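Produce the entire structure from the sequences given, and follow the hints as far as they go.
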Amino acid sequence: MTETHPYIGFEKYSEHVPPSIPLAVQQATSRFVGGRAARVAELPQWGQLRRIGSDIRQHTIENMDVYLTRLEEKVAAAGGHVHWAETAEDARRIVLQIAKENNVKNVVKSKSMATEEIELNHALEAAGIEALETDLGEYIIQLAGTGPSHIIVPAVHLKKEEIAALFSAKLDINAPTDPIELARIAREVLREKFLNAGMGISGGNFLVAETGTLVMVTNEGNGRMCTTMPELHVAVVGIDKVIPDWESLTVFLKLLARSATGQKLSTYTQFITGPRRAEGEFGPKEFHLVLLDNGRSKILKDPIGRDVLKCIRCGACANVCPVYKNVGGFAYGSFISGPIGAILSPQMYGTQAARELPYASTLCGACADVCPVKIPIPTILRHLRRRVAQGDAFALPTIPAPIRETANLASLALAQDWIYRLGARLLPIINPFFRKDNWLSNMPYPLNRWTKVRPLPPFGARFRKWWIVRSVKETESTR
Amino acid sequence: MPKAQLFITCLGDQFYTSTLQNMTHLLERLGVELTFPPEQTCCGQPLFNNGFEDKTRPVAMNFMRAFAKSDSPIIGPSGSCVSMVKHHYPSLFKEGTPEHSLALDIASRTFEFTEYLVNVFKITDVGAVYPHKVTYHASCHYLREMGLKTEAKTLLNQVKGLEFVQLNEEETCCGFGGAFTVTYPEVSRSMMENKVKHIISSGADTVVTCEPGCLMNVAGGLHKAGSSIRAMHIVDLLSSKES
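Going line by line, the protein sequences match chains D and A. Residue numbers for the first sequence, in our numbering: 8 to 486. Residue numbers for the second sequence, in our numbering: 1045 to 1287.
Derived from the structure by calculation, the hints contain no laboratory data. Some hints could be false.
Unchecked claim - What the simulated footprint calls covered on chain D by chain A, stretch by stretch (three residues with Cβ under 8 Å from a Cβ of chain A suffice, anywhere in the stretch; the number is not a length): (1) 15-22; (2) 433-446.
To be verified - Think about it this way: if two alpha-carbon atoms lie no more than 27 Å apart in a straight line, the pair counts; the simulated DSS-like pairs of lysine-lysine are: (3) A:Lys1268 / D:Lys443; (4) A:Lys1047 / A:Lys1285; (5) A:Lys1268 / D:Lys19.
No experiment lies behind these values; they were computed from the predicted model shown. Beta carbons are placed, not taken as given, at the ideal position from N, Cα and C, and that holds for glycine.
In structure tokens, the structure reads:
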């Protein structure tokens, strides 16, 4: 079982979004959206690539047991150790155990969504181990003491002025707002730590079952240092990251960087197959792969919802999502945000904690249009809304009673045209009470939730009557 | 003479009588013989999209019974409502049941207004005159679920006197999203304000859309912003003969 997650109050958060967040997020995401569009336009076979990518991921999640078994064999054959973590707690325990056995005091980490998911840093700290994030964005949010607000740009919600202020406060320096200077400051702090770390912890973008290879797609070079300089390398990776072979990998490498950052290829693409083979070679003495389930095999049992596991974590869905761009990542209340978070969290943490998330979308469909592996996000959102509203084989309904009652009434009224027509004739009666400049304003609950944002046109269903009168006239004139 | 049934949509019915009258006049002027099944209420999309599939079924049945009395095409002035009927009705019923066959039949002959004009009736110039600077908001379901990327612009292109100006972020949701507006009003507000900002900066004096929902949202937003820009349904613009 996955751990119980605190209730995710999307609505409550959305009422008080710090105004700086949407500004920073919109600036960054439009750069990515533009870059992605340009890369896609260069590639006439983009549609075909997406189809193939989607098919491979579909095939893989449907045969995950086969590929994971193969992966385990191959990692072991290359001299690595494979650990299975059913829960986040298991994963943390495994990592701490490896650290303890090797008397590790300092850890350097490269960017990893899986370790954000299991909140590994807290566990390491609690065990007296210093864990330092070495990806610039992750380093920033570690200083800020928050989780990531975007899959690939964890500090996307912060402007450079805010980052400078954070550096000044936390590092006791006078940090300038120039991003290059800020990166230089971070690099200086981090360089020292790389040299002294006893363990490097990474995530992984793909796991190639064919050869037991961990693939890391990065831009800053810190990932390479984390995985080669310390004597120990522990990779924490979700079981959904497995892919069959290198041929499939070529497809995903083409899809991933283009979708994520609008790059043809990321600056660094690393292939790690086990630890170093002989003394004098580069690389760590030991390589540990922690395969994280944390609810994924449960999600696999849902034929509609499981498509979320096709995700390659590019963040393109968030970059185009108008909801995400106006609330930022923290609104989604977990390590993963945006449309993909809205369909993953309710499945991972359940629809008790995350019942608001499937509704955090206008179902505009922009996400599905850009998803490189064609995850039908709006379809899964509707599927999870059904789970929340009426319950299904996986969960009991969690919708608040007043909403359920409203839906019952609406269904009744809309299925019987006489009730509907009676309602339509009565509604204009309320117009005079709220009318101003030919608009209705300041209406009572629940319509106040509309009129607090913009006025409503007056009710005035006159078409039906007009149609009848007109038909009568026509009949008379032809008589 | 081609025949068709009017699908007025519940939002159209409640708020846009003159648009529905214009749609009637326009189609009749083109020679379409129209009928109006009065038993229609709402397509059920608000229930369906909010997870109440069981509660959607009787509403969909009411709709299908209303329109099954004739076998002529069904035309609605909303990509979203039409998409509900066209793409989601069949999913409501078990394959092999009479209800499912009926849903497939109804779905196959339901068309969005501009889709019907351009792709079925094959007309792009309806003789409209509208000497104004016009920008266009592409509604989400119209664009992405119905796949109607060019139809509205093709029709606007033939309107005499019309000067088209491109809307920045034309394809970004305006923040309507049905019940979303009242579920997360503050998010809806931010999205609507972004849309309104782009409409104002486009320099147009009219913004046109093919969706009553977006129209309510955007027109209300423009009014609230104190803007004099007109928000129009494409039916009304295509019915315009002067200024």
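Okay, which hints does this one fail, numbers in order? none
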